[in-house]
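> Below are the chains, spelled out letter by letter.
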Amino acid sequence: MDRAKELELKKIATEIRKSIIIQTAEAGSGHPGGSLSGVEILTYLYFVEMNIDPRNPKDPDRDRFVLSKGHASPLLYAVLAEKGFISKEELKGFRQIYSNLQGHPDMKKVPGVEMSTGSLGQGLSVANGMALAGKLDGKNYRVYVLLGDGEIQEGQIWEAAMTAAHYKLDNLTAFLDHNGLQIDGKITEVMSPEPVDEKFRAFGWHVITIDGHDFNQIEKAVSEAKTVKGKPTIIIAETVKGKGVSFMENEAGWHGTAPNKEQAQKALEELQKQLESLEVQG
Amino acid sequence: MAKIATREAYSQALAEFGELYKNIVVLDADLSKSTRTEIFKKKFPDRFFNIGIAEQDLMATAAGLATCGKIPFASTFAIFAAGRAYDQVRNSIGYPHLNVKIGASHAGVSIGEDGASHQMLEDIALMRVIPGMVVLSPSDAASTYECVRLAIEHEGPVYIRLGRLGVEEIYRKGELKLELGKGIVLQKGTDVGILATGLMVHEAIKAAKMLQEKGISVYLVDMPCIKPIDAELVLEVAKTAGCIVTAEEHNVLGGFGSAVSEVLVQNYPVPVRMVGVNDEFGRSGKPEDVLKYYKLTAEEIVNKAKEVMKLKK
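Top to bottom, those sequences are chains A and B.
First residue of the first sequence? That's 1 in the UniProt record's numbering, and the numbers climb one at a time after it.
First residue of the second sequence? That's 1 in the UniProt record's numbering, and the numbers climb one at a time after it.
Any given hint could turn out to be false.
As the list claims (entries may be wrong) - Straight-line Cα separation of at most 25 Å, DMTMM-like style, residue types lysine to aspartate or glutamate; simulated pairs:
#, chain 1, residue 1, chain 2, residue 2
1, A, K231, B, D46
2, A, K108, B, E16
3, A, K83, A, D53
4, B, K22, A, D214
5, A, K135, B, E155
6, B, K22, A, D170
7, A, K135, B, E38
8, A, K58, B, E155
9, A, K109, B, E232
10, B, K312, B, E232
11, B, K22, A, D137
12, A, K231, A, E269
13, B, K43, A, E90
14, A, K231, A, D106
15, A, K168, B, D30
16, A, K229, B, D46
17, A, K135, B, D46
18, A, K58, B, E175
19, A, K11, A, D214
20, A, K135, B, E232
21, A, K108, B, E155
22, A, K139, B, D46
23, A, K168, B, E38
24, A, K135, B, D191
25, A, K266, A, E49
26, A, K273, A, E15
27, A, K168, B, E155
28, A, K135, B, E299
29, A, K231, B, D30
30, A, K199, A, E189
31, B, K42, A, D137
32, A, K109, B, E155
33, A, K231, A, E15
34, A, K139, B, E155
35, A, K109, B, E179
36, A, K226, B, E19
37, A, K108, B, D87
38, B, K22, A, E90
39, A, K139, B, E19
40, B, K310, B, D289
Please keep in mind that the hints were generated in silico from the structure rather than gathered at the bench.
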C-alpha cells in the first residue's frame, strides 16, 4: 500500500473513532471498546476492498459484510455514514427512540446493514448461508464477517466453522477481533478460547494472524484469503480494545459503558490531535 | 386407503414445488431420513444442504441463504426447530422477517416411544409469539401440500408443524385450496363448535359423528392456519353454536386453544373447553397408547362438548 493511501485510510479511521465516541456519548449507552478495536478492519473493507455502492445497496453482485459482534454497531454506523449509506445527521439518533439506529444493527431499518445481529454466535452461520448462495448462483461476490473473541465461546460458532469448511466456502473470509477482553474481564480468565489459531486450523480453515491495526497487514491478509481455494479463511486480527483513546485502551470496563461528557471531550481532543499529526504527515 | 404422515407429504410437496421454484433450497440437520427431506435431496442434490447435528447453525444458515433470494426450508424435528434453535429462529429469522420456512416434523406426543425429550408440546406457543411468524398445522397430506404452497407464496417466516404418524386422507389433493389466515368449515351446526388443528382434526371428525348420533348439531372446523388466525370464522362459530371445544396435540397453555380464546374473549366471549395436554411433559409408549393416556381422543372431545354445552347462556 502506498504511503498516501495509508495516510488517507488512517484519517478515515480516526474520523470513525471520533464518531464512535460521539454516538455513544450522545446516547449515554453503547459499546465503545469493541467498536474502537475493529476500526481498521472495517475501514479497509469498506474503503478499499468491498464491491459496494451506497446508491445500489441491494445489488445482487455486491460483497457482503456481517457484523456478527453486533454490539459494535457504532463502528458499523460510522462507516456506513462515512461511505454514504446513511446521513451523518442520523448518527445523532443512535439508540434513541425515534431513530433507525438501534442498539444492535437492524437490516430492515438501515441500508447497508446486511444482517440483523446482536445475539452472539449467529453471524458466522448467516455468512455461510450467503456464501453458499453465492456458490449456488455462480456469483463472484465475497462474504466478510467480523467475530469477537469473546463471541467464539458460543458453541454455534464451531458448528458454523465446521459447515464453512465442509462446504469449502473459499468465498468467505472471517475476521476475529482478537482484543483479549470481554465484559467480565480477560477472555483467558473468563473462558479461554485459546489457542484460537490452532482451533480454526483444526476445523479446516486457512488461518492468518496479523496486527489488526496495520492497514498493510490487513491488505496482505485479505489478498491472501482471495487466493486460497477450497477452504474458508480466518484472519486473526490482534487488536487493542478501546484503541485510539488512551484511557479506554485495554480496559474491559469500556466494553459496554459510554463515556460521559468530560470523558468524551477528553477522547475527542486526543483523537483530534492524532488527526492533526496525520495532516502534518500528509 | 394408505395412511400418509404429514412429514412425508411435506417432503413430497417440496420435491414437487422444487421443479417450479428454482430458488427453493432444503436444509436438514442429520434427520433427512426421518423428516423425509431425502426425497428432495435425491431429486435436487445441489439444492440440499445437510448441516449435521447443529440446529442453531441450521436456522441461521437458512437466514443467510434467504438474504440472497433463496427460499430455504429448514427441516428438523419440532423439538429442535422451535426449542433448541429458538433464539436463532427469533433473532436471525423472525426479527429480520426473512423468507425462511421451518418444516418442523415429529411434533406432539404421537411420535410415541422416544418420549418426553422428543415430544414437542410447546412449539405453537413459542412460534406464535414471534412477531410476523406464520404458524401452520396441517391435518392430512392434501392440507400439507397446500401449507407448503402457502409458505412458498408468502414472503416472510413460516413455521409448519408436522407429524410422524400416518394419517388418513381428509381432503383430495387438487380439490383443496387453502388461504392464509382461513379455516376450513367441515360442517355447520348450532349446538357446539369444535375447532381442531393438526392430528386432532381426525379425532374431531369422529367426535362430531358421535355427537350427531346423539342428536347434537356440531359446527366443525379444521384450522390449519393458527397464525394469522381466522378470527372471523372463530366468531361466526361462537355466534352460531354459542360454545366451543378446541382440540390440539399440544400443551393447552399458550397453544391453539389459547389463540382461539384470545379472539373470543376480546370480541364475543362464549364458554370454551380445551382438549390438549394439560401442562405436562409427554411419556414413552405406542403412539395410540400415548394419545389415549393424554386423552387426545374423540371421546374426550365428546366429553368436553357435553360439559361446555351446559355452560351456554
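> Does each hint hold? Answer for all of them.
How the hints compare with the structure:
The hinted pair formed by K231 of chain A and D46 of chain B meets the criterion: a straight-line CA distance of about 19 Å does not exceed 25 Å. The straight-line distance between the Cα atoms of K108 of chain A and E16 of chain B is roughly 32 Å, outside the 25 Å bound, and the hint therefore fails. For the hint linking K83 of chain A to D53 of chain A, the alpha-carbon distance of about 9 Å falls within 25 Å, and the restraint holds. With a C-alpha separation of about 44 Å, the suggested pair K22 of chain B and D214 of chain A falls outside the 25 Å cut-off, and the hint is violated.
Our distance criterion of 25 Å between C-alpha atoms is met by K135 of chain A and E155 of chain B, whose separation comes to about 23 Å. Proposed proximity of K22 of chain B and D170 of chain A is supported: the alpha carbons are some 24 Å apart, at most 25 Å. Under the criterion of a C-alpha separation no larger than 25 Å, the hint pairing K135 of chain A with E38 of chain B is consistent with the structure, at around 22 Å. Distance hint between K58 of chain A and E155 of chain B is fulfilled; the C-alpha atoms sit about 17 Å from each other, no more than 25 Å.
Between K109 of chain A and E232 of chain B the CA atoms are separated by roughly 33 Å; this puts the pair beyond 25 Å, and the hint is violated. Restraint check for K312 of chain B and E232 of chain B: satisfied, since their Cα atoms lie roughly 20 Å apart, inside the 25 Å limit. Taking the CA atoms of K22 of chain B and D137 of chain A, the gap is about 11 Å. The hint holds against a cut of 25 Å. Simply put, K231 of chain A and E269 of chain A have alpha-carbon atoms about 44 Å apart, too far for the 25 Å limit, and the pair is violated.
Taking the CA atoms of K43 of chain B and E90 of chain A, the gap is about 49 Å. The hint is violated against a cut of 25 Å. Pair hint K231 of chain A plus D106 of chain A does not hold up; C-alpha atoms about 30 Å apart against a cutoff of 25 Å. With a C-alpha separation of about 19 Å, the suggested pair K168 of chain A and D30 of chain B falls inside the 25 Å cut-off, and the hint holds. A C-alpha spacing of about 20 Å is found between K229 of chain A and D46 of chain B, which places the hinted pair at or below 25 Å, so the restraint holds.
Restraint check for K135 of chain A and D46 of chain B: satisfied, since their Cα atoms lie roughly 10 Å apart, inside the 25 Å limit. A distance of roughly 40 Å separates the Cα atoms of K58 of chain A and E175 of chain B; the hinted pair therefore is violated under the 25 Å criterion. Restraint check for K11 of chain A and D214 of chain A: the C-alpha separation of about 13 Å stays at or below 25 Å, so the hint holds. Between K135 of chain A and E232 of chain B the alpha-carbon distance is near 46 Å, which puts this suggested pair outside the 25 Å criterion.
For the hint pairing K108 of chain A with E155 of chain B, the CA-to-CA distance comes to about 14 Å; that is within 25 Å, so the pair holds. Taken as a hint, the K139 of chain A and D46 of chain B pair is honoured in the structure, with Cα atoms around 15 Å apart against an allowance of 25 Å. Only pairs whose Cα atoms come within 25 Å are accepted, and K168 of chain A paired with E38 of chain B is accepted, the gap being roughly 22 Å. A hinted pair counts as satisfied when its Cα atoms are at most 25 Å apart, and K135 of chain A with D191 of chain B does not qualify at roughly 59 Å.
For the hint pairing K266 of chain A with E49 of chain A, the CA-to-CA distance comes to about 33 Å; that exceeds 25 Å, so the pair is violated. At most 25 Å may separate the alpha-carbon atoms for a hinted pair to count; K273 of chain A and E15 of chain A meet this at roughly 12 Å. Taking the CA atoms of K168 of chain A and E155 of chain B, the gap is about 30 Å. The hint is violated against a cut of 25 Å. Proximity of K135 of chain A to E299 of chain B is assessed by CA-CA distance (about 54 Å); at most 25 Å being required, the pair is judged violated.
For a cut-off of 25 Å, the pair hint linking K231 of chain A to D30 of chain B stands: about 22 Å separates their Cα positions. Between K199 of chain A and E189 of chain A, the direct Cα distance comes to roughly 18 Å. Compliance with the 25 Å bound is thereby established for this hinted pair. In summary, the hint linking K42 of chain B to D137 of chain A is supported, as the alpha carbons are separated by about 20 Å, within the 25 Å threshold. This hinted pair checks out: K109 of chain A and E155 of chain B have alpha carbons roughly 18 Å apart, not beyond 25 Å.
The hinted pair formed by K231 of chain A and E15 of chain A fails the criterion: a straight-line CA distance of about 35 Å is larger than 25 Å. Simply put, K139 of chain A and E155 of chain B have alpha-carbon atoms about 24 Å apart, close enough for the 25 Å limit, and the pair holds. This hinted pair does not check out: K109 of chain A and E179 of chain B have alpha carbons roughly 30 Å apart, beyond 25 Å. For the proposed pair K226 of chain A and E19 of chain B, the alpha carbon gap of about 34 Å is over 25 Å, so the pair is violated.
About 18 Å separates the Cα atoms of K108 of chain A and D87 of chain B, which keeps this hinted pair within 25 Å; it holds. Straight-line distance between C-alpha atoms of K22 of chain B and E90 of chain A comes to about 40 Å, which puts the hinted pair past the 25 Å bound. Simply put, K139 of chain A and E19 of chain B have alpha-carbon atoms about 22 Å apart, close enough for the 25 Å limit, and the pair holds. For the proposed pair K310 of chain B and D289 of chain B, the alpha carbon gap of about 30 Å is over 25 Å, so the pair is violated.
In terms of the numbered hints stated before, the structure departs from hints 2, 4, 9, 12, 13, 14, 18, 20, 24, 25, 27, 28, 33, 35, 36, 38, 40, listed from lowest to highest.
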